[in-house]
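> Keeping their order, the protein sequence lines are chains A and B.
Residue numbering for the first sequence follows the numbering used here, starting at 921 and increasing by one per position.
Residue numbering for the second sequence follows the numbering used here, starting at 10 and increasing by one per position.
Some clues are possibly wrong.
With a Cα cut of at most 20 Å, we get these calculated DMTMM-like pairs of lysine to aspartate or glutamate [claimed, not checked]:
(1) A/Lys1145 <-> A/Glu1194
(2) A/Lys1145 <-> A/Glu1134
(3) A/Lys1051 <-> A/Glu1011
(4) A/Lys1198 <-> B/Asp170
(5) B/Lys80 <-> B/Glu163
(6) B/Lys80 <-> B/Glu174
(7) A/Lys1031 <-> A/Glu984
(8) B/Lys194 <-> B/Asp170
(9) B/Lys84 <-> A/Glu1134
(10) B/Lys233 <-> A/Glu984
(11) B/Lys47 <-> B/Glu58
(12) B/Lys227 <-> A/Glu994
(13) B/Lys233 <-> A/Glu1000
(14) B/Lys84 <-> A/Asp1039
(15) B/Lys233 <-> A/Glu1214
(16) B/Lys227 <-> A/Glu973
(17) A/Lys1145 <-> A/Asp1039
(18) A/Lys1103 <-> A/Glu1000
(19) B/Lys97 <-> A/Glu1194
(20) A/Lys1034 <-> A/Glu1024
(21) B/Lys97 <-> B/Glu36
In case anyone wonders, no lab produced these hints; they're calculated from the structure.
Bear in mind that the values here come from a model prediction, so they are computed numbers and not experimental data.
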Amino acid sequence: MNLSVTVGNVHLRTPFLPASGVFGFGDPLFTPGFPLDGLGGVITKGVTLKPREGNPPPRLFFGENYALNSIGLENPGATEALELINKIPKEYPIIVNVSGSSVEEIVETVKVLKGSRADCFEINLSCPNVKRGGLSLFSPVTVGELERRLREVTNIPLWFKIPPTIDPVGFGAALERTRGKRKITLVVSNTLPVAPMKGGKFLFPNKWCGYSGEVLHMLNLRTIKLLRDNFPYVEVVACGGIRSWEEALNYRLVGAKAVEIGRGFLLNPRIFSEMYRKALEYLLNSGTTWEEVEEID
Amino acid sequence: MNSQNFGRRLEQCEVVNVRHLSSSFFELSLAWKGTVPKTGQFFVLTHTELSHPVPLTFYRSSDGTLTFLVKRAGKNTEFLSRLPNGFKLNVLGPCGNGFDGNSPILGVGGGSGVAALFSLPPDSKVLLGFKTREVELERSFREKFNELKVAVEEKGKTVVDLLLEELDLTKFTSTLLCGPLGMIKAVKNSSVSLPNPHVILEAIMGCGMGVCLGCTVKTRSGLKKVCIHGPVFPLEEVVL
Chain A
921 MNLSVTVGNV HLRTPFLPAS GVFGFGDPLF TPGFPLDGLG GVITKGVTLK
971 PREGNPPPRL FFGENYALNS IGLENPGATE ALELINKIPK EYPIIVNVSG
1021 SSVEEIVETV KVLKGSRADC FEINLSCPNV KRGGLSLFSP VTVGELERRL
1071 REVTNIPLWF KIPPTIDPVG FGAALERTRG KRKITLVVSN TLPVAPMKGG
1121 KFLFPNKWCG YSGEVLHMLN LRTIKLLRDN FPYVEVVACG GIRSWEEALN
1171 YRLVGAKAVE IGRGFLLNPR IFSEMYRKAL EYLLNSGTTW EEVEEID
Chain B
10 MNSQNFGRRL EQCEVVNVRH LSSSFFELSL AWKGTVPKTG QFFVLTHTEL
60 SHPVPLTFYR SSDGTLTFLV KRAGKNTEFL SRLPNGFKLN VLGPCGNGFD
110 GNSPILGVGG GSGVAALFSL PPDSKVLLGF KTREVELERS FREKFNELKV
160 AVEEKGKTVV DLLLEELDLT KFTSTLLCGP LGMIKAVKNS SVSLPNPHVI
210 LEAIMGCGMG VCLGCTVKTR SGLKKVCIHG PVFPLEEVVL
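Kindly generate the complete structure, drawing on both the sequences and the hints.
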């Protein structure tokens, strides 16, 4: 059985993708021993126009069922990223995650990166731990504006990665007022913005950080269900709290066409291979395909 | 990124032995066919039952076996301490740069940091510090190193005290420090002038290959990643 799937005009080998930030620029593909038979494509580290140093340490914390990060978009900038993107083995579709402090910076970054082998740009409007841009840039109007501006410079497919902190119906309605009912691909979602404290102090020097884990999974199941029920032209890629095939299937059942795995890959570097086998087994036993899995009411 | 490799690979390794040394420490031995690591390099262990990736410093190896010295510190190490032989873990490594100091070497270690010192050449002098007496561990180190001193906090002495007692540091060519942050800070802030001192830094580890950028530390030449720029850093470079 073939598990390939097309999402927002991007043809993926399987519906299982690494979330931006856990796969570098395809680095595990260059490290012997990674079983990558279930890998649907590569999503790169977030790229900005100029290099960024990122946030001061500490940047990472693992809890029992969650992780917190405050990386702060450290990246080598668009020019060097372009070289790294072009080294990714050709058999994998490449989704390049793009961030910026402003609409203008994102447009300029895409102008540089459209010269790479990118098959898609995932526009990150939801980084919870940078002082400018990221989450603060997010609004239905910005999504519409960016879509229009980016379409003037490239035909490469676009996905928009949104924060989990939205009112799904209100957001969908506002987006519809901005850009009508044309098909759009949303990645739901980035990490949950939080400000954990310990001993009377913020855990991270930057105060804000992103939560990924079990709670995000439950939150996003609701968000995706409401988006799909009310705005069926919205295609969804799910991200958040996937540690096994079960969570991936949950996301499919509420209407996601593909899934992104972040913390789950760090905790289990074999997750793509294992998920692929479990998916094949489930779909064969159910006599269905990934695309034909019926969404639940 | 597309980062330096250090001979690192991902393997599924079988547990061949768990040896309990004390209420604080145990040895975890895995079957390993990969590169023999350098002093200071580390491995990242993952399993679906572990709540985070577990980085462990190289302790010793022999005939296709890789042994780690593990300090009990919660649910994850408790899980590792109870593994039966034949149990499979994901093992990524060897990670990081390793220590290239020339002999004779002075090794200074505290707590779980002593693990890295065991792979130093036998002509090294090793100073160890523990909270309580570690009979089995001390025996292992004494069998390998002629020159060994051990401090036990419970008895009012730390490894930093041992270091301050060293009369002639000029006979060593290089120094390797590994231990809790408090120990490293105390050494750095002391008046002791160490020959070519290097330190092994610890950090919460995500990927072990320079990808997730989580294990960042401050150095005098900017932010660095423990997993690819370290874990061994010149002592004067690190900002503690």
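> So, for every hint listed, does it hold in this structure?
Consistency of the hints with the structure:
Pair hint A/Lys1145 plus A/Glu1194 does not hold up; C-alpha atoms about 26 Å apart against a cutoff of 20 Å. With a CA separation close to 17 Å, the supplied pair A/Lys1145 and A/Glu1134 stays within the 20 Å bound. The straight-line distance between the Cα atoms of A/Lys1051 and A/Glu1011 is roughly 37 Å, outside the 20 Å bound, and the hint therefore fails. A threshold of 20 Å between alpha carbons decides the hint, and for A/Lys1198 with B/Asp170 the separation of about 57 Å lies outside it, so the pair is violated.
Taking the CA atoms of B/Lys80 and B/Glu163, the gap is about 17 Å. The hint holds against a cut of 20 Å. A threshold of 20 Å between alpha carbons decides the hint, and for B/Lys80 with B/Glu174 the separation of about 27 Å lies outside it, so the pair is violated. For the hint pairing A/Lys1031 with A/Glu984, the CA-to-CA distance comes to about 41 Å; that exceeds 20 Å, so the pair is violated. Distance restraint check for B/Lys194 and B/Asp170: the Cα-Cα separation of roughly 13 Å lies within the 20 Å cut-off, and the hinted pair is therefore satisfied.
Pair hint B/Lys84 plus A/Glu1134 holds up; C-alpha atoms about 19 Å apart against a cutoff of 20 Å. This hinted pair does not check out: B/Lys233 and A/Glu984 have alpha carbons roughly 27 Å apart, beyond 20 Å. Annotation: proposed proximity of B/Lys47 to B/Glu58 is violated, straight-line Cα distance about 29 Å (limit 20 Å). Between the alpha carbons of B/Lys227 and A/Glu994 the distance comes to roughly 14 Å, so the proposed pair stays at or under 20 Å and holds.
As the CA atoms of B/Lys233 and A/Glu1000 are separated by approximately 18 Å, the hinted pair is consistent with the 20 Å bound. Between B/Lys84 and A/Asp1039 the alpha-carbon distance is near 42 Å, which puts this suggested pair outside the 20 Å criterion. Between B/Lys233 and A/Glu1214 the alpha-carbon distance is near 48 Å, which puts this suggested pair outside the 20 Å criterion. With a C-alpha separation of about 11 Å, the suggested pair B/Lys227 and A/Glu973 falls inside the 20 Å cut-off, and the hint holds.
About 27 Å separates the Cα atoms of A/Lys1145 and A/Asp1039, which puts this hinted pair outside 20 Å; it is violated. For a cut-off of 20 Å, the pair hint linking A/Lys1103 to A/Glu1000 is broken: about 32 Å separates their Cα positions. With a CA separation close to 15 Å, the supplied pair B/Lys97 and A/Glu1194 stays within the 20 Å bound. The hinted pair formed by A/Lys1034 and A/Glu1024 meets the criterion: a straight-line CA distance of about 15 Å does not exceed 20 Å.
Between B/Lys97 and B/Glu36 the CA atoms are separated by roughly 16 Å; this keeps the pair inside 20 Å, and the hint holds.
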